[in-house]
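S.K.: Spelled out from the first residue to the last, the chains are:
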Amino acid sequence: MKFIISLLLIALLSFAACLYLPWWSIAIVAFLVLALLPQTPGKAFLCGFSAIALLWALLSFYKSSQNEHLLAHKVSVIILQMDNPFLLVALTALIGAVVAGFGALTGSFIHKRKIVA
Amino acid sequence: MRIIPLAICAVITTALILLFNTKYILPAPLGKLLAPQQGIWQNAEPADYDFSADLVFNDLKGKAEVYVDDRLVPHIFAEQENDAYFIQGYLHAKFRLWQMDLQTLSAAGRASEVVGDVALTHDREFRRLGMVYAAENSLKVMEADPATKASCDAYTAGVNALINSLTESTLPLEYKLIGYKPGLWSNLRTALFLKYMSYDLAAHENDFEMTNAREFFSPADFEKLYPVVQDSLDPIIPKGTAFAPASIPLNKPATADSLYFKNIVSVEEANKPDRDNGSNNWAVSGSKTASGAPILCNDPHLGLNLPSLWYEMQISTPGFNAYGASFPGSPNIIIGFNDNAAFGFTNGGRDVRDYYEIQFKDDSRQEYWFDSAWKKTTFRFEQIKIAGKPVFVDTVAYTIFGPVMYDKSFAGKRSNNQKIYAVRWKAHDPSNELIIFNALNHAKNYDDYQAAVVNLHTPGQNCVFATKTGDIAIRTQGEWPAKWKGQGDFVMPGTDSSYMWKGMIPDSETPYQYNPERAFVSSANQRPVDSTYPYYLGREYPSPRGFIINRKLSAMQQVTPKDMMDLQTDNYNVFAEMAMPLFIKNINDSAFSAQEKKYYDLLKAWDLRNDVNSKGATVFVLTWNNFKKVVFDDEFINAPTPIQRPFESTLLEALLKDSSYKFVDNISTTQQETLIDAATLAFKKTVPALIAAENAGKLEWAKNKGTYVSHLTKIPAFGRYDLPIGGGTNIINATREGHGPSWRMVVSLTAKTEAFGIFPGGQSGNPGSKFYDNFISDWAAGKYYSLWMMTKEEVADKRVKWKMTFSGS
Numbered sequence: 001m002k003f004i005i006s007l008l009l010i011a012l013l014s015f016a017a018c019l020y021l022p023w024w025s026i027a028i029v030a031f032l033v034l035a036l037l038p039q040t041p042g043k044a045f046l047c048g049f050s051a052i053a054l055l056w057a058l059l060s061f062y063k064s065s066q067n068e069h070l071l072a073h074k075v076s077v078i079i080l081q082m083d084n085p086f087l088l089v090a091l092t093a094l095i096g097a098v099v100a101g102f103g104a105l106t107g108s109f110i111h112k113r114k115i116v117a
Numbered sequence: 001m002r003i004i005p006l007a008i009c010a011v012i013t014t015a016l017i018l019l020f021n022t023k024y025i026l027p028a029p030l031g032k033l034l035a036p037q038q039g040i041w042q043n044a045e046p047a048d049y050d051f052s053a054d055l056v057f058n059d060l061k062g063k064a065e066v067y068v069d070d071r072l073v074p075h076i077f078a079e080q081e082n083d084a085y086f087i088q089g090y091l092h093a094k095f096r097l098w099q100m101d102l103q104t105l106s107a108a109g110r111a112s113e114v115v116g117d118v119a120l121t122h123d124r125e126f127r128r129l130g131m132v133y134a135a136e137n138s139l140k141v142m143e144a145d146p147a148t149k150a151s152c153d154a155y156t157a158g159v160n161a162l163i164n165s166l167t168e169s170t171l172p173l174e175y176k177l178i179g180y181k182p183g184l185w186s187n188l189r190t191a192l193f194l195k196y197m198s199y200d201l202a203a204h205e206n207d208f209e210m211t212n213a214r215e216f217f218s219p220a221d222f223e224k225l226y227p228v229v230q231d232s233l234d235p236i237i238p239k240g241t242a243f244a245p246a247s248i249p250l251n252k253p254a255t256a257d258s259l260y261f262k263n264i265v266s267v268e269e270a271n272k273p274d275r276d277n278g279s280n281n282w283a284v285s286g287s288k289t290a291s292g293a294p295i296l297c298n299d300p301h302l303g304l305n306l307p308s309l310w311y312e313m314q315i316s317t318p319g320f321n322a323y324g325a326s327f328p329g330s331p332n333i334i335i336g337f338n339d340n341a342a343f344g345f346t347n348g349g350r351d352v353r354d355y356y357e358i359q360f361k362d363d364s365r366q367e368y369w370f371d372s373a374w375k376k377t378t379f380r381f382e383q384i385k386i387a388g389k390p391v392f393v394d395t396v397a398y399t400i401f402g403p404v405m406y407d408k409s410f411a412g413k414r415s416n417n418q419k420i421y422a423v424r425w426k427a428h429d430p431s432n433e434l435i436i437f438n439a440l441n442h443a444k445n446y447d448d449y450q451a452a453v454v455n456l457h458t459p460g461q462n463c464v465f466a467t468k469t470g471d472i473a474i475r476t477q478g479e480w481p482a483k484w485k486g487q488g489d490f491v492m493p494g495t496d497s498s499y500m501w502k503g504m505i506p507d508s509e510t511p512y513q514y515n516p517e518r519a520f521v522s523s524a525n526q527r528p529v530d531s532t533y534p535y536y537l538g539r540e541y542p543s544p545r546g547f548i549i550n551r552k553l554s555a556m557q558q559v560t561p562k563d564m565m566d567l568q569t570d571n572y573n574v575f576a577e578m579a580m581p582l583f584i585k586n587i588n589d590s591a592f593s594a595q596e597k598k599y600y601d602l603l604k605a606w607d608l609r610n611d612v613n614s615k616g617a618t619v620f621v622l623t624w625n626n627f628k629k630v631v632f633d634d635e636f637i638n639a640p641t642p643i644q645r646p647f648e649s650t651l652l653e654a655l656l657k658d659s660s661y662k663f664v665d666n667i668s669t670t671q672q673e674t675l676i677d678a679a680t681l682a683f684k685k686t687v688p689a690l691i692a693a694e695n696a697g698k699l700e701w702a703k704n705k706g707t708y709v710s711h712l713t714k715i716p717a718f719g720r721y722d723l724p725i726g727g728g729t730n731i732i733n734a735t736r737e738g739h740g741p742s743w744r745m746v747v748s749l750t751a752k753t754e755a756f757g758i759f760p761g762g763q764s765g766n767p768g769s770k771f772y773d774n775f776i777s778d779w780a781a782g783k784y785y786s787l788w789m790m791t792k793e794e795v796a797d798k799r800v801k802w803k804m805t806f807s808g809s
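From first to last, the protein sequence lines are chains A and B. For the first sequence, my numbering gives the first residue as 1, with consecutive numbering after it. For the second sequence, my numbering gives the first residue as 1, with consecutive numbering after it.
If you are wondering where the hints come from, they were derived from the structure by calculation, not from laboratory data. Glycine is no exception: its CB is placed at the ideal position from the N, C-alpha and C atoms. Wrong hints could be hidden among the right ones.
What follows is a set of in silico ranges between Cβ atoms, one per label pair, in the way DEER data are often shown [as the list claims (entries may be wrong)]:
no.: 1; chain 1: B; residue 1: Thr-167; chain 2: A; residue 2: Lys-2; range: 44 to 54 angstroms
no.: 2; chain 1: B; residue 1: Thr-121; chain 2: A; residue 2: Gln-81; range: 24 to 34 angstroms
no.: 3; chain 1: A; residue 1: Lys-2; chain 2: B; residue 2: Ile-4; range: 18 to 28 angstroms
no.: 4; chain 1: A; residue 1: Gln-81; chain 2: B; residue 2: Phe-392; range: 29 to 39 angstroms
no.: 5; chain 1: B; residue 1: Tyr-49; chain 2: A; residue 2: Tyr-20; range: 52 to 62 angstroms
no.: 6; chain 1: B; residue 1: Asn-263; chain 2: A; residue 2: Gln-81; range: 26 to 36 angstroms
no.: 7; chain 1: B; residue 1: Lys-385; chain 2: A; residue 2: Pro-22; range: 31 to 41 angstroms
no.: 8; chain 1: A; residue 1: Pro-22; chain 2: B; residue 2: Tyr-721; range: 30 to 40 angstroms
no.: 9; chain 1: B; residue 1: Asp-117; chain 2: A; residue 2: Tyr-20; range: 33 to 43 angstroms
no.: 10; chain 1: B; residue 1: Ser-809; chain 2: A; residue 2: Tyr-20; range: 49 to 59 angstroms
no.: 11; chain 1: A; residue 1: Gly-42; chain 2: B; residue 2: Thr-167; range: 54 to 64 angstroms
Computed, partial: chain A to chain B, Cβ under 7 angstroms [as the list claims (entries may be wrong)]:
no.: 12; residue: Ala-17
no.: 13; residue: Cys-18
no.: 14; residue: Tyr-20
no.: 15; residue: Leu-21
no.: 16; residue: Ser-25
no.: 17; residue: Trp-56
no.: 18; residue: Gln-66
no.: 19; residue: Lys-74
no.: 20; residue: Val-99
Could you build all of it, start to finish, from the sequences and the hints given here?
M.R.: Following this line, the structure appears as structure tokens:
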């Protein structure tokens with residue numbers, strides 16, 4: 001339950017933060033959420049990772065679908081050297097996920113003892 | 001707190017952020033680029049995006065509505081004329097900001113600020129040509145005219161209103177990809193944009209190349225290789241027109257043909273405007289049209305890029321109502337029509353950029369020898385900012401002629417040069433070109449047109465005009481230097497005032513036509529007049545397009561707009577019409593292999609049209625290119641470089657007159673080659689290329705030519721390649737690889753104007769918009785769109801998709 005709540009919190013707060021702050025505020029959000037709602041390091045990483053993977057995949061896929069993937073076709077050729085909009089969505093999700101995952105992991109070490117989930 | 005793992009993870013997180021937010025390790029800041037709320041996904045314009053908006057700006061004096069139609073063409077209806085220019089600036093920036101910013105940075109020699117020192121040679125050359133100096137000179141006179149200043153101020157305010165509204169998310173895609181931000185607009189940048197067009201259209205010359213050719217070849221050979229007037233010339237102002245003697249005494253210096261030819265030039269311009277930057281335009285009188293109303297046509301041939309150079313729009317104010325193609329970077333409609341008349345341009349193409357060799361007293365460059373005395377230079381300190389590097393300061397000396405462009409410290413493409421060349425460029429002189437467009441947008445009749453175009457100084461243009469009342473006219477307009485024969489073909493001595501330009505040809509001596517008997521006027525960058533005109537006009541003009549346009553127009557009656565579209569997109573190769581008999585007569589096929597015979601049959605059966613699927617066109621063009629090499633390579637192999645090769649039609653016309661043309665002989669062999677030998681050899685040399693082309697599936701002309709419209713960055717994913725379009729050099733449909741008709745327009749001036757047009761691009765500059773390149777396929781197919789001069793009564797028309805309102809606070 002705590003995992004789900006943390007995950008949703010990270011996703012929601014990251015979305016709100018990125019309306020005003022740079023993209024890497026997702027790491028700070030994940031750090032803060034895990035600092036306030038402690039979890040084991042492994043779960044913490046997974047929580048931050050999944051939250052942003054989901055959020056960024058959804059957001060970029062939604063943007064791309066509305067655009068009929070016109071831009072993603074072109075940009076995927078530039079960044080990935082292959083015409084694959086879905087891979088570009090996946091790469092987007094992965095980059096956000098890794099950054100948020102490590103932010104969350106860092107947050108989980110604020111606490112002294114092992115946490116019982 | 002578990003301090004060690006915490007610290008380690010904090011460092012890793014920070015490192016990841018740096019990795020994905022900078023270009024230090026990865027080639028691009030991938031996190032910043034792909035973040036869905038800030039990065040490139042924000043530029044993925046929804047297919048059903050709603051462009052409607054209600055906007056309030058303090059700078060506006062009244063109210064305005066903009067109706068945006070289904071092709072994303074805005075129709076501006078403004079109560080105040082200057083509000084219309086504010087909105088024009090706002091819309092240009094909304095849809096085309098990045099290109100405006102880049103083109104004016106490039107014009108100002110500031111490209112290094114964005115791309116680093118790879119652009120330093122470009123920036124130095126543009127600064128040394130005096131681009132900023134020229135723009136500043138023009139801005140002074142533009143701002144001295146109250147109406148021009150007001151329109152520029154409004155335009156600038158509109159561009160900046162859009163720039164100031166941008167956020168990280170709404171920044172155009174290219175800024176995100178390259179990683180920089182737009183600078184604010186200014187009236188100087190509008191002046192710089194116009195100088196950029198002057199550069200494109202009025203900076204082409206071959207003075208260094210011709211100087212080396214003149215030094216290398218004997219005077220007799222030189223005249224054979226570079227004739228002043230071509231036989232096929234059908235000038236803009238027909239032959240036989242009487243011209244008054246020159247009112248400006250030309251006084252050719254006595255030493256002009258001898259003094260300065262022991263003179264090898266070892267600098268080479270790093271940037272050279274395309275010689276084919278030209279155009280077609282014509283107007284047909286009502287006596288020749290089916291409707292009885294004049295029809296005006298124009299298609300400017302320029303480099304084809306995305307985002308397009310042109311942005312289509314309508315501007316309607318209480319003072320005028322105009323529609324056409326505008327330049328993102330400048331107020332007004334540039335090529336188009338209003339409720340009374342239509343107007344268009346082709347490039348005048350005269351040589352208005354000359355070089356003078358300067359003798360400095362010493363390396364301090366403070367004094368130079370001029371008219372038997374030491375004269376002082378002034379200096380301009382060009383501060384060139386370079387991304388990631390310290391500022392580069394280029395100290396440029398200015399002489400009575402203009403800036404010293406090439407000296408010991410700068411030789412363009414070359415590294416070693418001991419000589420000093422100052423450049424005299426007509427675009428350095430102050431002029432206000434915006435007056436012309438503004439006045440043409442308002443023009444009601446021929447007098448208005450004449451009063452408008454006399455303001456055109458540089459780039460000089462053949463201005464075509466037609467009215468609903470039945471007038472047609474063309475003026476070979478511009479402020480042109482009055483030259484003696486040969487002046488400016490070569491580098492001139494900078495020590496003697498007698499080599500300077502003698503003044504400008506007065507406007508009363510501008511060749512023009514007004515309602516001529518032949519019932520049409522036309523131009524296609526050919527020499528404007530025949531050799532009886534008293535001033536020297538230079539050597540380099542393409543003749544074939546003008547020749548075929550005039551031949552076709554002369555034969556046409558009951559002309560309809562459709563006929564005019566067919567003419568603009570015509571792929572008939574008149575150059576080949578003249579060259580083919582020469583090939584057929586002289587190519588000896590008696591010893592051809594089966595393979596060679598096959599391609600020769602294609603050539604013989606060819607219908608002289610460079611259509612999309614024509615194989616014969618490919619055979620002809622490749623053979624002709626080899627033929628030129630077979631004839632001239634031996635003469636040029638030991639020539640100094642840079643050097644000018646003979647102009648397009650020279651070889652053909654020489655051979656038509658004299659099949660024993662001396663250059664046909666290969667001087668590196670002992671025997672005497674004939675035209676038969678040269679033509680046969682050229683064909684045989686072409687066959688391997690034809691076989692390769694056929695194996696690659698590229699024997700058809702369009703595939704062989706491979707026309708493309710590339711993005712300004714040349715990023716392939718943002719361009720369109722291998723377009724199925726015919727035409728080519730010397731053809732009315734002058735579509736080459738990356739160059740061609742950048743805006744095609746046909747305007748029939750009937751009571752209710754019927755206008756048609758298209759450009760190879762789209763209204764939006766955003767590669768993530770469906771309006772980015774949506775006109776290209778239709779353009780390639782030779783289709784046109786109806787140009788809708790909307791009225792306020794038509795706001796409910798189904799073509800109107802969006803409405804923007806603009807008001808003052």
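S.K.: Please go over all the hints and tell whether each is borne out by the structure.
M.R.: Against the structure, the hints come out as follows:
1. Range check, Thr-167 (chain B) to Lys-2 (chain A): Cβ separation about 36 angstroms, and the 44 to 54 angstroms hint is violated.
2. At roughly 30 angstroms, the beta-carbon separation of Thr-121 (chain B) and Gln-81 (chain A) lies within the given 24 to 34 angstroms, and the hint holds.
3. Here the CB-CB span from Lys-2 (chain A) to Ile-4 (chain B) is close to 25 angstroms, well matched to the stated 18 to 28 angstroms.
4. Here the CB-CB span from Gln-81 (chain A) to Phe-392 (chain B) is close to 35 angstroms, well matched to the stated 29 to 39 angstroms.
5. For Tyr-49 (chain B) paired with Tyr-20 (chain A), a C-beta distance near 24 angstroms fails the hint of 52 to 62 angstroms.
6. As the Cβ distance of Asn-263 (chain B) to Gln-81 (chain A) is approximately 51 angstroms, the hint placing it in 26 to 36 angstroms is violated.
7. Judged by the Cβ atoms, the range 31 to 41 angstroms given for Lys-385 (chain B) and Pro-22 (chain A) is violated: they are separated by roughly 25 angstroms.
8. Remark: the range hint 30 to 40 angstroms for Pro-22 (chain A) to Tyr-721 (chain B) is upheld by a beta-carbon distance near 37 angstroms.
9. Checked against the hint of 33 to 43 angstroms, the pair Asp-117 (chain B) and Tyr-20 (chain A) passes, with Cβ atoms roughly 36 angstroms apart.
10. A C-beta distance of roughly 26 angstroms is found between Ser-809 (chain B) and Tyr-20 (chain A), which places it outside the suggested range of 49 to 59 angstroms.
11. Checked against the hint of 54 to 64 angstroms, the pair Gly-42 (chain A) and Thr-167 (chain B) fails, with Cβ atoms roughly 38 angstroms apart.
12. Because the closest C-beta pair between Ala-17 (chain A) and chain B is about 9 angstroms apart, greater than 7 angstroms, the hint is violated.
13. At about 4 angstroms, the closest approach between the beta carbon of Cys-18 (chain A) and any beta carbon in chain B falls short of 7 angstroms, and the interface hint on this residue holds.
14. Interface restraint check: Tyr-20 (chain A) against chain B, minimum CB-CB distance 10 angstroms, threshold 7 angstroms, status violated.
15. Hint status for Leu-21 (chain A): violated, given a least beta-carbon distance of 10 angstroms to chain B, over 7 angstroms.
16. A distance limit of 7 angstroms between C-beta atoms decides the matter here; for Ser-25 (chain A) the minimum to chain B is near 10 angstroms, and the interface restraint is violated.
17. The interface hint given for Trp-56 (chain A) holds, since its Cβ lies 5 angstroms from the closest Cβ of chain B, which is under the 7 angstroms cut-off.
18. Hint on Gln-66 (chain A) holds. Least Cβ distance to chain B is approximately 4 angstroms, under the 7 angstroms limit.
19. Given hint, Lys-74 (chain A) at the interface with chain B, holds; its Cβ is 4 angstroms from that chain's nearest Cβ, closer than 7 angstroms.
20. Contact between Val-99 (chain A) and chain B, as hinted, is supported at the beta carbon level, the nearest pair being about 5 angstroms apart and thus within 7 angstroms.
In the structure shown, a violation is registered for the earlier hints numbered 1, 5, 6, 7, 10, 11, 12, 14, 15 and 16, in ascending order.
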